[in-house]
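S.K.: Sequence:
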Amino acid sequence: MSQDFAVETGLIVFTGDGRAQFGWRDLTTGWFHSEADGQCIADAIGAVEFDSDVMH
Numbered sequence: 878m879s880q881d882f883a884v885e886t887g888l889i890v891f892t893g894d895g896r897a898q899f900g901w902r903d904l905t906t907g908w909f910h911s912e913a914d915g916q917c918i919a920d921a922i923g924a925v926e927f928d929s930d931v932m933h
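Mapping of the sequence shown onto our numbering: position 17 corresponds to residue 894, and the numbering continues sequentially without gaps.
Rather than coming from a laboratory, the hints here were simulated on the basis of the structure.
Ideal Cβ placement from N, Cα and C applies to all residues, glycine included.
Not one of these hints is a red herring.
Computed spacing ranges between beta-carbons, pair by pair:
id, residue 1, residue 2, range
1, Cys-917, Gly-895, 16 to 22 Å
2, Ala-883, Phe-927, 17 to 23 Å
3, Asp-881, Asp-920, 25 to 31 Å
4, Glu-926, Thr-905, 17 to 23 Å
5, Asp-928, Leu-904, 15 to 21 Å
6, Gly-893, Asp-914, 15 to 21 Å
7, Asp-920, Glu-885, 17 to 23 Å
8, Trp-908, Asp-881, 15 to 21 Å
9, Ala-919, Thr-886, 15 to 21 Å
10, Ile-922, Gly-887, 14 to 20 Å
The task is simple: from the sequences and hints, build the whole structure.
M.R.: What follows is the structure, encoded as structure tokens:
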């Protein structure tokens, strides 16, 4: 694909209270969003890439 995307997908996002969830980051705003419902994860403190060899 020759198109640039405005989101970074395949992340595990960590929050200040120790929780982790699958998510993505909007490259325009820098905000992290939940994969489950698309809501902004306001207390995100960081993220790591997640790469799986299984697709569903």
